[in-house]
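**Student:** So the sequence lines, in the order shown, correspond to chains A and B.
Be aware that the first sequence starts at 1, since it is given in our numbering, and climbs by one per residue.
Be aware that the second sequence starts at 1, since it is given in our numbering, and climbs by one per residue.
Think of the hints as simulated: they come from the structure by calculation, not from any bench.
None of these values were measured; they are calculated from a predicted model.
Built from N, CA and C at the ideal position, the CB exists for glycine as well.
Please note that the accuracy of each hint is not assured.
As a list, the in silico DSS-like pairs of lysine-lysine whose alpha-carbon atoms are at most 27 Å apart [claimed, not checked]: (1) K100/A <-> K215/B; (2) K98/A <-> K313/B; (3) K214/B <-> K100/A; (4) K97/B <-> K105/A; (5) K197/A <-> K313/B; (6) K97/A <-> K85/A.
Label-pair restraints from in silico Cβ distances [stated by the list, open to error]: (7) L458/B <-> K195/A: 32 to 38 Å; (8) Q41/A <-> I429/B: 39 to 45 Å; (9) Y62/A <-> D311/B: 41 to 47 Å; (10) S56/B <-> A175/A: 36 to 42 Å; (11) T112/A <-> S152/B: 46 to 52 Å; (12) N373/B <-> A113/A: 38 to 44 Å; (13) L95/A <-> C323/B: 52 to 58 Å; (14) I447/B <-> P81/A: 44 to 50 Å; (15) S152/B <-> K199/A: 23 to 29 Å; (16) I429/B <-> K199/A: 36 to 42 Å.
Covered stretches of chain A, going by a simulated chain B footprint (3 or more residues, C-beta under 8 Å) [claimed, not checked]: (17) 30-42; (18) 68-82; (19) 85-93; (20) 183-189.
Each chain is listed here by its residues.
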Amino acid sequence: MEVPAGFLVVYLLFSCFVASSYGVYFSSLNETLIVTATPTQGQVLKAGEDQISVTWRFNQTYRAGTDSAYKTVKVKLCYAPISQKDRSWRKTVDLLKKDKTCPHKIVARPYTASNNSFTWTIERDIPSGVYFVRAFAFNAQDEQVAYGQTTNAHKSTNLFEIQAITGRHMSLDIASICFSAFSIVALAGFFYMEKRKAKGSQEK
Amino acid sequence: MPEIEGSPGSSMHGVTGREPVLAFSVASPMVHTDRTAKFDLPVDSEHKATVFKLFSFANPHMRTFHLSWISFFTTFISTFAAAPLVPIIRDNLNLTKSDIGNAGVASVSGSIFSRLVMGAVCDLLGPRYGCAFLIMLSAPTVFCMSFVNDASGYMTVRFMIGFSLATFVSCQYWMSTMFNSKIIGLVNGTAAGWGNMGGGATQLLMPVLFEIIKKAGATPFTAWRIAFFIPGWLNVIMGILVLTLGQDLPDGNLSTLQKKGDVAKDKFGKVLWYAVTNYRTWIFVLLYGYSMGVELTIDNVIAEYFYDRFDLKLHLAGIIAACFGMANLLARPFGGFTSDYMAKRFGMRGRLWNLWLLQTAGGVCCLCLGLVNSLPLAITFMMLFSIGAQAACGATFGIIPFISRRSLGIISGMTGAGGNFGSGLTQLIFFASASFSTAKGLTYMGIMIIGCTLPVTLVHFPQWGSMFLPPSQDIVKGSEEHYYVSEWTDEEKQKGMHQASLKFAENSRSERGGKVASAPTPPENTPNRV
């Protein structure tokens with residue numbers, strides 16, 4: 001029984017080093033949805049203030065019945081290649097469960113072939129960057145089965161920019177200055193008082 | 001370190017920047033106890049404690065210990081506070097991978113210089129003010145995080161906060177004024193290890209603070225800035241506690257410290273020369289860069305690594321990252337313990353092999369950490385790596401006291417600086433460029449650790465040998481006395497300045513190992529009584 005046990009251990013160890021590769025691949029999906037969004041090419045939007053209106057429908061040029069498996073649609077905000085450069089945590093990977101291109105959810109809706117739209121106020125935790133919009137259609141097993149996006153296959157057209165909030169506040173800045181001043185003044189105060197006490201006791 | 005009471009260097013002089021071995025001898029009956037002094041702990045003639053009572057807060061000795069290690073712990077929290085929040089900060093400030101990596105390098109570089117300066121500051125102002133000045137002046141730098149807008153601001157603030165890691169020097173210096181040299185190894189080793197735990201605690205603390213502040217209603221890009229106020233307040237609070245509760249000396253009098261300048265002090269130039277010209281110093285500077293250095297590097301990159309690679313939530317990545325740093329509680333003392341244990345049987349050769357084994361094992365686990373794809377395995381390899389690297393830190397300082405007796409302070413300081421330098425270097429090479437992923441960076445770093453640990457095979461003591469070579473058979477050259485007294489010129493020997501080295505040489509004969517314990521001392525051995 002030693003051989004199978006040893007083999008099992010080696011197999012387990014090996015499998016932990018080799019990445020698990022099951023799941024849906026983006027390259028296997030068809031672009032059967034037509035997605036449009038209000039921002040125009042190069043438009044700059046402000047996070048927390050501006051809005052994006054997204055509409056999506058099934059592309060009727062595909063054979064009827066292609067969309068019979070679609071149950072839900074999730075619309076996402078995605079990074080354009082320029083915003084992924086030197087930022088490996090936003091990398092595009094073909095295996096969708098490892099893909100980090102589209103981390104920000106806009107809306108999730110049950111699937112209907114047409115008449116879908118949603119207006120979204122850009123949330124305040126969206127970072128600065130260049131974006132496009134992509135919608136995934138999911139089947140009943142919650143796997144991606146189709147997609148649609150506002151840009152072309154190379155992700156080079158119809159990209160818009162979002163400017164993030166700074167996260168800074170006047171009140172924070174003031175509090176910061178106050179506490180810093182307190183620290184320096186307290187230190188100087190202690191030092192001065194002790195020097196005076198030492199001089200005083202020396203003179204006695 | 002056994003020393004003649006009152007001899008040059010036995011008091012607080014010469015122990016600046018010292019990070020001595022973890023000795024497990026506690027109370028020693030050979031130390032003269034001053035029974036007239038009214039302290040909670042038994043003290044020697046200088047009123048330094050001869051016993052280490054861990055859970056006491058008695059003034060002044062144990063209170064100093066706790067104030068000291070907690071201040072050092074606090075600076076570790078502040079210096080590495082940004083690391084677990086990087087996934088949020090990088091979105092707020094639009095950072096690239098090189099921005100993040102360079103900021104990590106900056107955070108450990110500042111203290112290379114500040115640690116060297118801190119010794120002089122402690123000499124001038126005393127360790128209490130040295131510590132208080134540093135942590136209270138670095139509190140504003142922590143609060144400055146609320147102003148940061150971009151990559152350059154982020155890097156500058158992390159650089160400035162990093163200066164505060166010099167509290168390590170004030171911590172060790174302060175405790176050498178309070179604790180007898182026989183137990184100073186244990187005391188300083190415990191303080192250093194527990195202070196380093198701050199690098200782990202912060203990975204736990206900051207994400208939790210961030211979540212609480214977010215739940216209270218702040219947006220993520222504001223919440224992380226507010227979270228930084230807590231380390232800032234900790235700095236201020238510890239500074240005030242050190243100033244109000246601490247005292248420089250057991251008798252509480254700073255001016256006495258200044259009056260002791262009449263004790264003959266060694267020439268800095270000479271001490272530096274003997275440190276720099278001893279090739280072993282440089283080997284250990286390199287080695288420490290790959291035990292302590294990689295520990296600091298991991299403190300900076302591991303939370304982000306778990307967050308990105310395994311898609312964990314921020315606080316979960318923080319918990320895992322915290323386990324790395326918190327292992328210091330036991331891992332570092334463990335390294336000192338194994339070093340002492342191996343020395344009992346195999347002498348210095350045992351210590352060298354122990355260091356090589358621990359550090360190389362750490363390197364192998366780092367290599368595997370970058371390769372595995374499953375979370376449980378990654379955590380396992382990370383913990384094994386932490387034990388290997390931190391135990392190697394403890395083991396390093398099991399050997400350093402034997403490199404030189406005269407220049408111990410400077411060699412300890414240089415080795416400590418080498419740790420920070422190694423950290424900056426590994427972050428620069430492996431984690432600041434976009435050419436390869438963090439996972440590959442960890443693997444390459446593991447390979448570099450294994451490679452850079454090999455020079456320990458070159459460390460040779462004529463009196464004890466090295467990892468592969470036996471000690472010198474020459475009667476004169478193969479004696480401990482010859483090695484340690486060769487650091488003094490004939491002129492200095494005539495003045496009797498080498499007496500402490502002689503005494504140390506005699507006591508270091510235990511490094512020959514168990515088999516040679518009963519070897520007769522060479523007939524020309526100079527008597528150790530003045």
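**Student:** All the hints need checking, so say for each whether the structure fits it.
**Tutor:** So, going through the hints one by one against the coordinates:
no.	hint	result
1	K100/A <-> K215/B	26 Å, holds
2	K98/A <-> K313/B	15 Å, holds
3	K214/B <-> K100/A	24 Å, holds
4	K97/B <-> K105/A	24 Å, holds
5	K197/A <-> K313/B	54 Å, violated
6	K97/A <-> K85/A	20 Å, holds
7	L458/B <-> K195/A: 32 to 38 Å	51 Å, violated
8	Q41/A <-> I429/B: 39 to 45 Å	40 Å, holds
9	Y62/A <-> D311/B: 41 to 47 Å	33 Å, violated
10	S56/B <-> A175/A: 36 to 42 Å	38 Å, holds
11	T112/A <-> S152/B: 46 to 52 Å	49 Å, holds
12	N373/B <-> A113/A: 38 to 44 Å	40 Å, holds
13	L95/A <-> C323/B: 52 to 58 Å	29 Å, violated
14	I447/B <-> P81/A: 44 to 50 Å	32 Å, violated
15	S152/B <-> K199/A: 23 to 29 Å	45 Å, violated
16	I429/B <-> K199/A: 36 to 42 Å	53 Å, violated
17	30-42	violated (count 0)
18	68-82	violated (count 0)
19	85-93	holds (count 5)
20	183-189	holds (count 4)
Checked against the numbered hints above, the structure breaks hints 5, 7, 9, 13, 14, 15, 16, 17 and 18 and satisfies the rest.
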